[in-house]
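So the protein sequences, as listed, match chains Z and V. Just so we're aligned, residue 1 is where the first sequence starts under the working numbering, counting upward by one. Just so we're aligned, residue 1 is where the second sequence starts under the working numbering, counting upward by one.
Since the hints were derived computationally from the structure, they do not count as laboratory data. Just so you know, these numbers come straight off a predicted model, no measurement behind them. Built from N, CA and C at the ideal position, the CB exists for glycine as well. Each hint should be verified, as a subset may be incorrect.
Stated by the list, open to error - Restricting the straight-line Cα-Cα distance to at most 25 Å, the calculated cross-link-like pairs of lysine to any residue (SDA-like) are:
1. Z/K51 / V/E244
2. Z/K167 / Z/Q205
3. Z/K208 / V/D239
4. Z/K208 / V/N152
5. Z/K167 / V/G240
6. Z/K208 / V/R270
7. V/K199 / Z/D168
8. Z/K167 / V/E151
As the list claims (entries may be wrong) - Short, incomplete list of chain Z residues facing chain V, as computed with Cβ under 8 Å:
9. M1
10. I2
11. I5
12. S172
13. D175
14. S179
15. M204
16. Q207
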Amino acid sequence: MIQEIFSFHQVENLDWNDFIESEENREAVACLSCWPKSWHSNGVIIYGAPKVGKTHIASLWAQTANAIYILKAAFSENPRNLFDANCNFVIDNFDDLADIDINNWMFDFFNICREKNRFFLLISRISPSIWNIKLKDLRSRLQTLPAINIRSPNDDLLLKIAKKLSKDFGISVTDETLSYILDHIRRDVPTLSATLRMLDKIAMQKQKSITIPFVRNYICTEKDEEFH
Amino acid sequence: MRAKVSKNDILPAVMRTVSIADRKSIVPILSHVLLEFNESGLCIKATDLDHSIIEKIPAEVDTFGTAAVPASTLNDIIRKASGDAVLEFSLMDKGSKLQIISSRSKFELSTLDPKDFPEVAPINNDFNIKIKSEDLNKLITRTRFSMSPEENRHNLNGIYFHKEDAKLKAASTDGHRLSTTYINIDIKENVQGIIISKKTVFEIKKLLDTYSEDVSMSFSANQVQFVFGNVTFISKLVDGTFPEYKRVIPEATNDFFKVNRQAFCEILDRIAVISEDKIRSVKLELSKDTLLCYAVNSRVGSGKDEIDVNYSGDGWSSGFNANYLLDVATTLQGEYLKIFIKESLSPILIIDESEPESMFVVMPMRI
Numbered sequence: 001m002i003q004e005i006f007s008f009h010q011v012e013n014l015d016w017n018d019f020i021e022s023e024e025n026r027e028a029v030a031c032l033s034c035w036p037k038s039w040h041s042n043g044v045i046i047y048g049a050p051k052v053g054k055t056h057i058a059s060l061w062a063q064t065a066n067a068i069y070i071l072k073a074a075f076s077e078n079p080r081n082l083f084d085a086n087c088n089f090v091i092d093n094f095d096d097l098a099d100i101d102i103n104n105w106m107f108d109f110f111n112i113c114r115e116k117n118r119f120f121l122l123i124s125r126i127s128p129s130i131w132n133i134k135l136k137d138l139r140s141r142l143q144t145l146p147a148i149n150i151r152s153p154n155d156d157l158l159l160k161i162a163k164k165l166s167k168d169f170g171i172s173v174t175d176e177t178l179s180y181i182l183d184h185i186r187r188d189v190p191t192l193s194a195t196l197r198m199l200d201k202i203a204m205q206k207q208k209s210i211t212i213p214f215v216r217n218y219i220c221t222e223k224d225e226e227f228h
Numbered sequence: 001m002r003a004k005v006s007k008n009d010i011l012p013a014v015m016r017t018v019s020i021a022d023r024k025s026i027v028p029i030l031s032h033v034l035l036e037f038n039e040s041g042l043c044i045k046a047t048d049l050d051h052s053i054i055e056k057i058p059a060e061v062d063t064f065g066t067a068a069v070p071a072s073t074l075n076d077i078i079r080k081a082s083g084d085a086v087l088e089f090s091l092m093d094k095g096s097k098l099q100i101i102s103s104r105s106k107f108e109l110s111t112l113d114p115k116d117f118p119e120v121a122p123i124n125n126d127f128n129i130k131i132k133s134e135d136l137n138k139l140i141t142r143t144r145f146s147m148s149p150e151e152n153r154h155n156l157n158g159i160y161f162h163k164e165d166a167k168l169k170a171a172s173t174d175g176h177r178l179s180t181t182y183i184n185i186d187i188k189e190n191v192q193g194i195i196i197s198k199k200t201v202f203e204i205k206k207l208l209d210t211y212s213e214d215v216s217m218s219f220s221a222n223q224v225q226f227v228f229g230n231v232t233f234i235s236k237l238v239d240g241t242f243p244e245y246k247r248v249i250p251e252a253t254n255d256f257f258k259v260n261r262q263a264f265c266e267i268l269d270r271i272a273v274i275s276e277d278k279i280r281s282v283k284l285e286l287s288k289d290t291l292l293c294y295a296v297n298s299r300v301g302s303g304k305d306e307i308d309v310n311y312s313g314d315g316w317s318s319g320f321n322a323n324y325l326l327d328v329a330t331t332l333q334g335e336y337l338k339i340f341i342k343e344s345l346s347p348i349l350i351i352d353e354s355e356p357e358s359m360f361v362v363m364p365m366r367i
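If we strip away everything but chain V, and leave its shape as in the complex, we get (with noise of 0.2 Å):
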């Protein structure tokens, strides 16, 4: 085999395969890339056995063959490989060695079988949605910070697509706060609601920041597929079943208070400097027309501040993460921010008026 890529077109390739090759699997082949060099240029996978990466990018290939070599070893040769060279990949020992040669370094990395390395296929299927990627960046990007951290609570670990009517929507939570958004989607087929794991979230969020054509989005019984131009991301989607989320979202009552978000961020994130290191716990307290947001720290002390806001109501108080409510906040653009609120002790509803179809819901903290 051999071959010549330009650094700039393998580089992003190769650093995108090397977060799926899981360098700690106690299977070797699996902290391996594998390089297939063919008629239609390279062709470049790397799995998990859960998440899997197919990256096709041009090549000129004089000899066809196949190489499964060290991802991380690769990723760090191109990566410093100097400015934009060009690559020469070839073959060597009947296979066993992949030499690559860049300038005058030369490099011989040692590869095991390519026989061994896991079989990884697009899904054919011919059911799938094309969403434009700035649909499919707001849907996650609105949904992430919610998604639970406990490994153990699969069902939570990750983001709850489903259709509904003529909506593709998007739900996480931790138990302790809610996300939901939706975009709109021309498709008549039922499609069942699947549970998109976080480290598919997060690759899939990377390959956004970069891509601004449609994606297309297809499923099987247990798989999920993002195509991306030449990037092929399949997934094993998550065994269990999203909590009935609707239920627990307050209703939209004339209860609320109406809040600039850039003076409510800014007050979260300067009062909670006051409370313990973990929980940035802050009370928030509601008189006509001003909010306060105070936080009382036995080691340290406290601190108060208040903003203008608009509300005509008997008053309310409640306490809460102020993590929660700055992801909110922050991750929201519209000027001002709806709060709708009841009982001390009961979930708020934080709504943008500029993106009514993104609802946050945030339990509060008894302090």
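In isolation and in its complexed conformation, chain Z is listed as follows (with noise of 0.2 Å):
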């Protein structure tokens, strides 16, 4: 017997109090938490690994700087419609774009954004160096952004990004449970998230607290075995 659950969508508490600054992101939240004064050029790109806080501090950004979500469709029109309104800009994603081809578009709102002094931010999960940038011209504005890497966290943060996520699915558990769960998986947050979610499920379905002896039951690594 096996009870069904809603399936609530758990929103991430993207603000300021939960961020969780270190010495991985620490060169990002300078450059982001010190715009306008501080930039030289109209963007600047931030890169890293998926679930690094990337998006976190974009959205951060976006709320100090004004800024709107360009998102896919906008690349079928023409740039200039985005400036009507008195404001800055974030691309989520950019790597992903590849599938269309946004090099006119894109050297397009470049210039614009130069013009009329907007500023942008552009979010990717790989290095710009890596970008498939056909268009020469638009290469070399690129190049001339700043493009900070957000690295992937150390065990500390991990923990930390652990209690977060906890807080944003609304479950307590104690750092000694969440230190046992982070011994037991790859150490990324991705894995991190997937299987805080997982545990989440299955705690509500069967009204559980997580705790060690519950984990136990449903994460078994190659560590355990040796250990049996």
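Using the supplied hints, reconstruct the complex from the two chains, each of which is provided in its own coordinate frame.
See below:
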């Protein structure tokens, strides 16, 4: 007998109080929090592995800079249309736009930003050095932008992220249990997020707390097998 | 300090404060109640730091004074005082003892320094809502049973109150079922959504059972306050975000059956005795105008029963925790329930036709 549960969409808290500052993202934080004073160009590129906090920091900058997110549909429109409103811009998952030809659009967008003194943030999962930019002029313009890497988190930061994710999911899990989880999974944020989501779902189904004995039933690694 | 208080006045107040005072606290003062005898009578306060109660009762006060005494001992002394006795309170030994005399009984209770008692002050907020006690009672009774029992799932561990247009809505969910209802209110201001803790819900419900006037409800950033005449209850709000619950409420379509509420309760209760002890799972099966309810337990055996319903669809079957359906059916009062169905593993929506403002969603079980 398995009790079905509601699939509530868990909203990630994306305000400053929930942002975890660390060595890995310090450069990005310094750059974005000093906008526009310390910006020497109209745009900045932030890149890093999935779930290292790029979207979070971009949303914080978007609030400060009154920036709007440019959605995929906008790339088929004249970029000038975006400049009617008095705002700046964020392009999330820039590396994911490979399936559409945005070279000319981006070149125009870049130039209009300069002309109208507007700012933009490009977010990417991969380094701009391996972006597939065909238009030479655009490539050279993008190369003038500062590119800041948010590195993958170390153990301390992973624990802080685990605490934040549990808070976002609305569950209280002790540090000891979170450390146990981190010791038994691949140490990256997507795996941590997926594991907590899975444990949260089972715990809700069974109306149980997420404790070490509970976790032990659902996470079994080679380390465990060696131990046993 | 010297004062006289009638047992009939003080007993209900002390009984209420004793459930707030934290008997198990490692901070001794939190297991105590504060008695303040002043010009307006007796003011009793108790707190566990998250929940506080302030209650004013009439007293004949000769000389003013304050004492912090163990809540449960005081409760027992007053409860066991004979008949409708008048209790005489006086402080002794420079305030280190509180003497209580009732008829020929005499008690001397050790006190703690009242200065150590945490500050318990009402919320001074211009913004408050006046709610009829029957309305507040409805918001609570229709939703309290689906609060999450898991202490560590704090955002589901209470009732979510929020304003929408001219309605004050209440909702709760434990992830398996969801209850929501509303009352109409006349407030123009925007009110932030708040989650009221489970303990607050139970305490407020107890107060509502003996109170029939309007209740004043006010908020601050992290507290909520209910005023029931001379009783003020203040509680910390649950720090969490209630899920976007409306998206899991199924649409009321044409696929539904109508069942007599009483008959539905009886059949569920009858058949669930066969199920496992903890999860009383039953299977429901619909055919034209008939609802079959059955349960199979490999250890005990099986049972089935059927009742007449109003249904003209193509048939449907699904498994449920019988307790979840009974919680809904027993809290409602109308004669008929309308149960909206979809697929076997889809949630069902239960509505009492005489109370369409209340909606209940129950997730099925894979049996």
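Here is what the structure says about each hint:
1. Z/K51 / V/E244: holds, 23 Å
2. Z/K167 / Z/Q205: holds, 19 Å
3. Z/K208 / V/D239: holds, 21 Å
4. Z/K208 / V/N152: Holds. Z/K208 to V/N152 sits at ~9 Å (cutoff 25 Å).
5. Z/K167 / V/G240: Distance of about 8 Å is within 25 Å: holds.
6. Z/K208 / V/R270: Outside the cut-off at roughly 28 Å; violated.
7. V/K199 / Z/D168: holds, 23 Å
8. Z/K167 / V/E151: Roughly 14 Å separates the two Cα atoms, so the pair holds.
9. M1: It holds, given that the least Cβ distance between Z/M1 and chain V is near 5 Å, below 8 Å.
10. I2: Constraint on Z/I2 satisfied, holds at 4 Å.
11. I5: holds, 5 Å
12. S172: holds, 4 Å
13. D175: Since the shortest Cβ distance to chain V is 13 Å, the answer is violated.
14. S179: violated, 17 Å
15. M204: holds, 4 Å
16. Q207: holds, 6 Å
Hint compliance for this structure: hints 6, 13, 14 are not met, and every other hint is.
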